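Given the coordinates of chain A, assemble chain B onto it according to the supplied hints.
Chains A and B supply the protein sequences, listed in that same order. Quick note on this note's numbering: the first sequence kicks off at 1 and runs consecutively. Quick note on this note's numbering: the second sequence kicks off at 1 and runs consecutively.
Careful: at least some of the hints might be erroneous.
Since the list can't tell identical chains apart, any single copy or any two copies may satisfy a pair.
Only pairs whose alpha carbons sit at most 30 Å apart, straight line, appear in this in silico DSS-like list of lysine-lysine [to be verified]: (1) Lys260 <-> Lys308; (2) Lys88 <-> Lys168; (3) Lys95 <-> Lys166; (4) Lys166 <-> Lys224; (5) Lys298 <-> Lys250; (6) Lys95 <-> Lys308; (7) Lys166 <-> Lys88.
By construction, these hints were calculated from the structure, which means they are not laboratory data. Here the structure is a predicted model, which means the values were calculated and not measured.
Protein chains: 2
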Amino acid sequence: MAKKKSRKQPAAKAPMTYKDAGVDIDAGEAMVEGIRTLVEKTYSPRVVGALGGFAGLFSLDFDEDLLKRKYHDPILVSCCDGVGTKLKVAFRTGKLDTVGIDLVAMNVNDLICIGAEPLFFLDYVAVGRLDPERMRDIIAGISNGCVQSGCALLGGETAEMPDFYKTKEFDMAGFAVGVVERNKIINGSGVRAGDSIIALASDGLHSNGYGLARKVIFSKAKFKPSDTPAELEGQTVAQAMLAPTRIYVKAVRAVLAAYKRRNMVRAMAHITGGGLPGNLPRVLPDGLTARLKRSGWKPQGIFELIAKAGPVDQVEMFRVFNMGVGFVMVVSPYRASAVMNRLRKAHQRCWQIGKVVKGGPSIQWA
Amino acid sequence: MAKKKSRKQPAAKAPMTYKDAGVDIDAGEAMVEGIRTLVEKTYSPRVVGALGGFAGLFSLDFDEDLLKRKYHDPILVSCCDGVGTKLKVAFRTGKLDTVGIDLVAMNVNDLICIGAEPLFFLDYVAVGRLDPERMRDIIAGISNGCVQSGCALLGGETAEMPDFYKTKEFDMAGFAVGVVERNKIINGSGVRAGDSIIALASDGLHSNGYGLARKVIFSKAKFKPSDTPAELEGQTVAQAMLAPTRIYVKAVRAVLAAYKRRNMVRAMAHITGGGLPGNLPRVLPDGLTARLKRSGWKPQGIFELIAKAGPVDQVEMFRVFNMGVGFVMVVSPYRASAVMNRLRKAHQRCWQIGKVVKGGPSIQWA
Numbered sequence: 001m002a003k004k005k006s007r008k009q010p011a012a013k014a015p016m017t018y019k020d021a022g023v024d025i026d027a028g029e030a031m032v033e034g035i036r037t038l039v040e041k042t043y044s045p046r047v048v049g050a051l052g053g054f055a056g057l058f059s060l061d062f063d064e065d066l067l068k069r070k071y072h073d074p075i076l077v078s079c080c081d082g083v084g085t086k087l088k089v090a091f092r093t094g095k096l097d098t099v100g101i102d103l104v105a106m107n108v109n110d111l112i113c114i115g116a117e118p119l120f121f122l123d124y125v126a127v128g129r130l131d132p133e134r135m136r137d138i139i140a141g142i143s144n145g146c147v148q149s150g151c152a153l154l155g156g157e158t159a160e161m162p163d164f165y166k167t168k169e170f171d172m173a174g175f176a177v178g179v180v181e182r183n184k185i186i187n188g189s190g191v192r193a194g195d196s197i198i199a200l201a202s203d204g205l206h207s208n209g210y211g212l213a214r215k216v217i218f219s220k221a222k223f224k225p226s227d228t229p230a231e232l233e234g235q236t237v238a239q240a241m242l243a244p245t246r247i248y249v250k251a252v253r254a255v256l257a258a259y260k261r262r263n264m265v266r267a268m269a270h271i272t273g274g275g276l277p278g279n280l281p282r283v284l285p286d287g288l289t290a291r292l293k294r295s296g297w298k299p300q301g302i303f304e305l306i307a308k309a310g311p312v313d314q315v316e317m318f319r320v321f322n323m324g325v326g327f328v329m330v331v332s333p334y335r336a337s338a339v340m341n342r343l344r345k346a347h348q349r350c351w352q353i354g355k356v357v358k359g360g361p362s363i364q365w366a
Numbered sequence: 001m002a003k004k005k006s007r008k009q010p011a012a013k014a015p016m017t018y019k020d021a022g023v024d025i026d027a028g029e030a031m032v033e034g035i036r037t038l039v040e041k042t043y044s045p046r047v048v049g050a051l052g053g054f055a056g057l058f059s060l061d062f063d064e065d066l067l068k069r070k071y072h073d074p075i076l077v078s079c080c081d082g083v084g085t086k087l088k089v090a091f092r093t094g095k096l097d098t099v100g101i102d103l104v105a106m107n108v109n110d111l112i113c114i115g116a117e118p119l120f121f122l123d124y125v126a127v128g129r130l131d132p133e134r135m136r137d138i139i140a141g142i143s144n145g146c147v148q149s150g151c152a153l154l155g156g157e158t159a160e161m162p163d164f165y166k167t168k169e170f171d172m173a174g175f176a177v178g179v180v181e182r183n184k185i186i187n188g189s190g191v192r193a194g195d196s197i198i199a200l201a202s203d204g205l206h207s208n209g210y211g212l213a214r215k216v217i218f219s220k221a222k223f224k225p226s227d228t229p230a231e232l233e234g235q236t237v238a239q240a241m242l243a244p245t246r247i248y249v250k251a252v253r254a255v256l257a258a259y260k261r262r263n264m265v266r267a268m269a270h271i272t273g274g275g276l277p278g279n280l281p282r283v284l285p286d287g288l289t290a291r292l293k294r295s296g297w298k299p300q301g302i303f304e305l306i307a308k309a310g311p312v313d314q315v316e317m318f319r320v321f322n323m324g325v326g327f328v329m330v331v332s333p334y335r336a337s338a339v340m341n342r343l344r345k346a347h348q349r350c351w352q353i354g355k356v357v358k359g360g361p362s363i364q365w366a
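Just chain A, same shape as in the assembly (with noise of 0.2 Å):
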């Protein structure tokens, strides 16, 4: 048990004598001790260290520079996801460790849509039968996106549970936990008609639509992990269809640094399932919506060979699809250029991608 953990050694939920149910607790130690690493290198000062194991314990304040002078107010914000039918992909290809990075992504880019500083994250993996490597890789990729995002692995729970999965399958939830100053709460209120919508580039499919995209993929047209359609340009099928959730954390809490003054970031919207049409109105005011130049970018070689395979119709991939836009930012129209340049230097590539108007409740194409 590593010091600050809270994750239990799977033995926990073991089923029968513990001789006779086969469970390992050797594989749970292996298992704990092989992703200590890889969870203290999540650890910041905040992390209160040395107990028990029931929980994870996390300090609001750092020892030197008082979070409280930071946060007047400080409102926690918090929420869960999972990562759906992606895994299947994993268990398919047998790569295990960038799944954890969406999982992640999911909830820290949900966090930051009303511009909290993400600080911890649990997780939840529960799994057919406790493999300590196949775990490592899992958690590896947790620890990666909980890096990428600033958030300390606090804990976790992993569950062996033969009745409900199957040898090689595992099914897992995240769950973030963030903080925001209560008078920098950004949540559409200040979007006013005029503003510019800026678009940030997603890696490909992220973690939504995977019933329809392995259905088409790997089930009408058949195509093998390993092949190499044009569409790809030179990526394999597994490669696409696995590339990690992006997180946006870094990029979007620069511009929010830059921006101290409230009300220069107006809205943001994580690009989930619904795409587009799905999440961007409900971050705007009634009686305003998004006027969208589709002509603006090209989503990735995934889109389109998704779109062709299938056939899907483009309506139908704006709504299943985030279509190569993970993550939409409402600003002032006076400020959209200096906030891309902001984004750009993050390594964070953007575009204007329309902007508000009025009318409502769905999107309009330009």
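Same frame as chain A, now just chain B:
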């Protein structure tokens, strides 16, 4: 979407073209509407309202009575747990409205071990097929558990994953956040030889050992859920197997509130998988262990039934099950009877089970 809930409609994970996929968006909306009141009855003034829905918001401070004044140096505490294969008993009996209590209990009972006040809870429920009525039952249990433990149900995720779960089956994970004053963290460091060990009665199996329990009760002894073996004293097998995990928050916090001086309550342990031998030593300092007198109490009939029907020997029973003791408090011997009086006033059955002695790491039986 309930105004403060990050619970996404399950369509967010929808596979295929939405129409073809048979994912029922109406069912998702019906579910969200159906659970709204269940969720809102867990809210306190600290839940921050009227926001977009990407995440749940929670203020450490009350409007009036600033938590800052109560917590000089707040430490956030977080943990994550599931219910394990007790869910299979719920599937078999069709009674789904109590496993949510188990889910909350497994988490908040861990939180309070270090002296924390539970603040909020989030759930992940992954289903084979979304059925609004069944989801309502599941969430009713979670809401009930949150009310019992003074937690706001701040958010959740419902994922419909027909490739992972059978139509009427599901898995669930929970995540709780609490807060504790830094200098009141209870971590066992104050434990001394001679301290009294107080057992808090369990309500039966709670949420551990179901691999063995189900095997013995259903596969070996072939009991039906409606059977009423003499050991259960009028309860059915289903009732005994589904009795919700007891939530110790109110009783334990009543004791902590009464003894504000540090170090009166010296260690606490939630007795889960591994039983007393697996959970009590881990909260005691090196060089000290627990000497328990086995004759001091009689475990519930369900334990007797399992031991007989297995047969399972007593050592194994104590390693797998809580054996009637769901929570343990280690207190100053001079306060033991006062603590027990307070627990009883909070309607918690309890008794002195033994004391702390030199030795370790295994517990000793007197």
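**Study point:** Lys95 and Lys308: within-copy, between-copy, both or neither at 30 Å Cα
**Key:** For Lys95 and Lys308, only the intra-copy Cα distance (26 Å) is at most 30 Å; the inter-copy one is 46 Å.
Review point. With identical chains treated as interchangeable, where does the CA-CA distance between Lys88 and Lys168 reach 30 Å or less: within a copy, between copies, both, or neither?
Key: Answer is both; intra-copy 11 Å and inter-copy 20 Å each pass.
**Study point:** Status of Lys224 relative to Lys166 across identical chains (alpha carbons, at most 30 Å)
**Key:** both (22 Å within a copy, 27 Å between copies)
**Study point:** Status of Lys308 relative to Lys260 across identical chains (alpha carbons, at most 30 Å)
**Key:** Neither way: Lys260 and Lys308 sit 45 Å apart in one copy and 68 Å across, limit 30 Å.
Point to revise | Copy assignment of Lys298 with Lys250, given that the CA separation must stay at most 30 Å | key: Result: close within a single copy only, 24 Å intra versus 57 Å inter.
Exercise for review: Go through the copies and call it for Lys166 and Lys88: within, between, both or neither, with a Cα cutoff of 30 Å.
Suggested key: both (12 Å within a copy, 16 Å between copies)
Exercise for review: Go through the copies and call it for Lys95 and Lys166: within, between, both or neither, with a Cα cutoff of 30 Å.
Suggested key: So Lys95 and Lys166 pass the 30 Å test inside a copy (17 Å) and across (25 Å) alike.
In summary, the one numbered hint that this structure violates is 1.
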